[in-house]
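Residue strings, one per chain:
Number of protein chains: 2
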Amino acid sequence: MFETAELGHKLDKAIYRQEEPGLRQALLEAQYELKQRSEFAVVILINGVDGAGKGETVNLLNEWMDPRLIQTHAFGAPSDEESDRPRMWRYWRALPPKGRVGILFGSWYSEPILQRVSGDIKAARFEQENEEIVRFEKMLVHEGVLLFKFWFHLAKDRQKKRLKELEKDPRTRWRVTDADWEHFKHYDEFREVSEKSLLKTSSAEAPWVVIDGEDTCYRSLTVGRLLLAGIRKRLDQPDSRVMAIEAAPLLPPLDKLYLLDRLTLNQTMEKADYERELEAWQGKLNTLSRHPAFTKRSVVAVFEGHDAAGKGGAIRRLTAALDARQYQVVPIAAPTEEERAQPYLWRFWRHLPRRGRLTIFDRSWYGRVLVERVEGFCAEADWMRAYAEINDFEREMVENGVIVVKFWLAIDQDEQLKRFNEREQIEFKRFKITEEDWRNREKWGQYAVAVHDMVDRTSTSIAPWTLVEANNKLYARIKILKTLCKAIESALAAPKGERNG
Amino acid sequence: MFETAELGHKLDKAIYRQEEPGLRQALLEAQYELKQRSEFAVVILINGVDGAGKGETVNLLNEWMDPRLIQTHAFGAPSDEESDRPRMWRYWRALPPKGRVGILFGSWYSEPILQRVSGDIKAARFEQENEEIVRFEKMLVHEGVLLFKFWFHLAKDRQKKRLKELEKDPRTRWRVTDADWEHFKHYDEFREVSEKSLLKTSSAEAPWVVIDGEDTCYRSLTVGRLLLAGIRKRLDQPDSRVMAIEAAPLLPPLDKLYLLDRLTLNQTMEKADYERELEAWQGKLNTLSRHPAFTKRSVVAVFEGHDAAGKGGAIRRLTAALDARQYQVVPIAAPTEEERAQPYLWRFWRHLPRRGRLTIFDRSWYGRVLVERVEGFCAEADWMRAYAEINDFEREMVENGVIVVKFWLAIDQDEQLKRFNEREQIEFKRFKITEEDWRNREKWGQYAVAVHDMVDRTSTSIAPWTLVEANNKLYARIKILKTLCKAIESALAAPKGERNG
Chain U
1 MFETAELGHK
11 LDKAIYRQEE
21 PGLRQALLEA
31 QYELKQRSEF
41 AVVILINGVD
51 GAGKGETVNL
61 LNEWMDPRLI
71 QTHAFGAPSD
81 EESDRPRMWR
91 YWRALPPKGR
101 VGILFGSWYS
111 EPILQRVSGD
121 IKAARFEQEN
131 EEIVRFEKML
141 VHEGVLLFKF
151 WFHLAKDRQK
161 KRLKELEKDP
171 RTRWRVTDAD
181 WEHFKHYDEF
191 REVSEKSLLK
201 TSSAEAPWVV
211 IDGEDTCYRS
221 LTVGRLLLAG
231 IRKRLDQPDS
241 RVMAIEAAPL
251 LPPLDKLYLL
261 DRLTLNQTME
271 KADYERELEA
281 WQGKLNTLSR
291 HPAFTKRSVV
301 AVFEGHDAAG
311 KGGAIRRLTA
321 ALDARQYQVV
331 PIAAPTEEER
341 AQPYLWRFWR
351 HLPRRGRLTI
361 FDRSWYGRVL
371 VERVEGFCAE
381 ADWMRAYAEI
391 NDFEREMVEN
401 GVIVVKFWLA
411 IDQDEQLKRF
421 NEREQIEFKR
431 FKITEEDWRN
441 REKWGQYAVA
451 VHDMVDRTST
461 SIAPWTLVEA
471 NNKLYARIKI
481 LKTLCKAIES
491 ALAAPKGERN
501 G
Chain L
1 MFETAELGHK
11 LDKAIYRQEE
21 PGLRQALLEA
31 QYELKQRSEF
41 AVVILINGVD
51 GAGKGETVNL
61 LNEWMDPRLI
71 QTHAFGAPSD
81 EESDRPRMWR
91 YWRALPPKGR
101 VGILFGSWYS
111 EPILQRVSGD
121 IKAARFEQEN
131 EEIVRFEKML
141 VHEGVLLFKF
151 WFHLAKDRQK
161 KRLKELEKDP
171 RTRWRVTDAD
181 WEHFKHYDEF
191 REVSEKSLLK
201 TSSAEAPWVV
211 IDGEDTCYRS
221 LTVGRLLLAG
231 IRKRLDQPDS
241 RVMAIEAAPL
251 LPPLDKLYLL
261 DRLTLNQTME
271 KADYERELEA
281 WQGKLNTLSR
291 HPAFTKRSVV
301 AVFEGHDAAG
311 KGGAIRRLTA
321 ALDARQYQVV
331 PIAAPTEEER
341 AQPYLWRFWR
351 HLPRRGRLTI
361 FDRSWYGRVL
371 VERVEGFCAE
381 ADWMRAYAEI
391 NDFEREMVEN
401 GVIVVKFWLA
411 IDQDEQLKRF
421 NEREQIEFKR
431 FKITEEDWRN
441 REKWGQYAVA
451 VHDMVDRTST
461 SIAPWTLVEA
471 NNKLYARIKI
481 LKTLCKAIES
491 ALAAPKGERN
501 G
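Just so you know, the protein sequences line up as chains U and L, in that order. All residue numbers for the first sequence refer to UniProt numbering, where the first residue is 1 and numbers rise by one. All residue numbers for the second sequence refer to UniProt numbering, where the first residue is 1 and numbers rise by one.
These aren't lab readings, by the way, just hints derived from the structure by calculation. Take the hints with a grain of salt, since some may be wrong.
One copy or two, it doesn't matter: identical chains are merged, so the pair holds either way.
Unchecked claim - List time: in silico SDA-like cross-link candidates among lysine to any residue, alpha-carbon distance up to 25 Å:
#1 Lys-185 <-> Val-141
#2 Lys-473 <-> Gly-283
#3 Lys-161 <-> Thr-222
#4 Lys-98 <-> Glu-339
#5 Lys-98 <-> Gln-328
#6 Lys-418 <-> Gly-99
#7 Lys-432 <-> Glu-29
#8 Lys-138 <-> Ile-462
Given the structure is predicted, the values throughout are model-derived calculations rather than measurements.
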């Protein structure tokens, strides 16, 4: 992987000087067109060995292009708000919106590589993280992001020489830190581990480009040309977005037996039993939320279900047991303008709770495989890939200590009709019923298929679906509270799922 | 202020039980209407003495109303991202958008009161902070926020009794912390300081309501009724937004002599001198940005000016001297949907830099008194009050260690015409010239008046305007670099402007 970058590439300064002005102008032009059309975002990852010109390149790109349309993020030690959330949260919040260029200095590669070099993670874990990165980048590319991954390389003897040169010059001395020399000591391990990571993660969608960092002219012009060619190509072929491979279509079960049909929706629960159980489980939930071990964990609870299935009421029975300072309920409606300029999952990532807290989603990322699928708001290829993306998202949470619970509240068509009619009678509930609810009702069968496939493909051992028979509201509320309590209880009892300490 | 809340108010439980269901329903109804119309946000501040039912009330409100439309924020110790920015930043980021209810548990009152009680700040400083709060809340109200300020009170002996009761009951013991007893020791000082603050900050726009915290029924129903009456009143009188008092109109100077007329726009600068000075000042800026003292400070640089005055070019000469990891350029265009749902200054607060960093605004909050004034995008009362709000905003920054520099780049009409024509010739610069630029040009005189008033009213000793004669781009760039360097240099030499540490 690094051999060709150790050939000692060089470029004549005269050639550089001749080409630079035209390149700059063309890059600027591409950048303004990118902004004006705002159809996709450009993400540039800058990684590699110290002294190979990473920082200089980032600065050069900001000089060549219009810095007003570039967002540069360097990832050092995470802030406390960042380390309180799943590992990838800080990268999601740094993604540029459509029309902009984002330069990520460090990126999601630095941590696994450095942790592997220092022996903090084992080979299997390292392998797994690389696979996760491949899937994450695939998702970005499918969401329309134009991704460049630059690795700046220097052979061992050249790195040593370079660091010494920088140290000798008083103007550049500050750039060589103790950490740089510390890293140098581990050059060989670093090279070996990096190479493994690069090989694993150089995919068709997001290939690595290794750049010989020694000669400034060579390095700069290589990066500049690659960027220009990549952005221009995408701009000139408006439909050059990586086409999803068309998967074979999903087929309904041959016997037409759907998951929801198997539920006994009419469960019984006496009012008196309900009152007693409600108090008991709310008390339990309150105790769990104040458990010392809970300060290291967090909860993400997802509520999905038929319209009028009682999500709001169930959520309120749950929050009533909690301290309002500890939870946030996030109702998911149409995405805002800022959310539409980002990959699909961005608007859920932004709401993830800090440790010790709970976020309750009233509707969620499952909209992609429910309403968006049924209504045709996105292409089949988009919702088909969403199953795997969602599983990755939830695994990322669970591995970082988040307790994920997911509820589907199921009622039948008669019960729904009864509730719709009731809502229209009651003044203050009229806000809750819209034209859209009546329209969705006509697609009952299509939703049944979508729910069936959703549960089939996203009910995992780490984040299982709980189907809630909800014709009887009292029964449903108790089942939800109980399920949540048990999930928290078993998570607090188990060794922490978190991988980073 | 607290006497009436020490009368020992009580409410019969039967009355409470009778009224509660109707109140809940009416609150829910109001909440859904608030959401549907999304015309204003409701902010509820919860402050007062420990044990007076603050937490219980917050939980009750979340139970009574729909928690999906409420955002509750408790303010404990600031996170590192928060303490790295001006004091009010954490409150700005917690403001609810239009259509939502935000409950702020703690709020901007807690810190000054506790600091005054502990003697960390002097009386004069405390006084000043209260005045700042008054102006801040006035701004919120003018921006359409419906603000409730509840102070929960308990007489000294009752507080002691209450804390003891809570401690005795195993179910509530956890709620009494050492800090609560520590606070209790200072009850008298706390009462005295709080009363001063409440008296100072109980304004016509945002009056305090002191609530006797002893009796749960009395306390809860009082808060509920007040909220309902307040929200309903505003909903039922769509135009009940506090009307700005119409100020006397601004008059142009009698002799028609405007600030910009006094500038000698054609300055000279030889190319060779420029190259030499550019290198020198960029080197200086680079050194300053790496000065150890700079890690405790930050820079906010504002660029305003005529269209085509050379803002972009000047910004690039500045960023070229900096490490890209350290700065962010924020171009200000039309606000996004999320920004439009917030008070005007929200979209600038969100971009303020952490310590050790620079944010460069290409156009800024001055849009309010420039383009919005000239084009009539906002009412006269709105841009008239903006001068004072902007001065408050900038003072808040400076007092927290931010170095604020502001540039107006001035060219004359002939120079602008020349540049417009040039831009239309050059392929990649065509993106930079729009219909709007030509239209703005026709309003040259109106902009001259607006700039005159702007400088007149917002050039303060702590955040002065620098007028830049920009017919000669080289001269302008050097003047800007030099001014910025001197501002940073003198700030780093001076004792820290910050007040909290």
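For each hint, the structure was consulted:
With identical chains, the CA atoms of Lys-185 and Val-141 are never at most 25 Å apart, being 36 Å at best within one copy and 60 Å at best between copies. Proximity of Lys-473 to Gly-283 under the C-alpha cut-off of 25 Å is restricted to the intra-copy arrangement: shortest distance 20 Å within a copy versus 70 Å between copies. Proximity of Lys-161 to Thr-222 under the C-alpha cut-off of 25 Å is restricted to the intra-copy arrangement: shortest distance 22 Å within a copy versus 75 Å between copies. In this assembly of identical chains, Lys-98 and Glu-339 lie within 25 Å of each other by CA distance both inside one copy and across copies; the values are 10 Å within and 17 Å between.
When the C-alpha separation of Lys-98 and Gln-328 is checked against a cutoff of 25 Å, the pair qualifies only between copies, where the shortest distance is 17 Å, while the shortest distance within a copy is 28 Å. Within a single copy, Lys-418 and Gly-99 get their C-alpha atoms no closer than 48 Å, and across copies no closer than 30 Å, so neither meets the 25 Å cut-off. For the homomeric pair Lys-432 and Glu-29, the shortest alpha-carbon distance between copies (10 Å) is at most 25 Å, but the shortest distance inside one copy (49 Å) is not. For the identical chains of this complex, Lys-138 and Ile-462 are intra-copy neighbours only, at 23 Å inside a copy versus 50 Å across copies, given an alpha-carbon limit of 25 Å.
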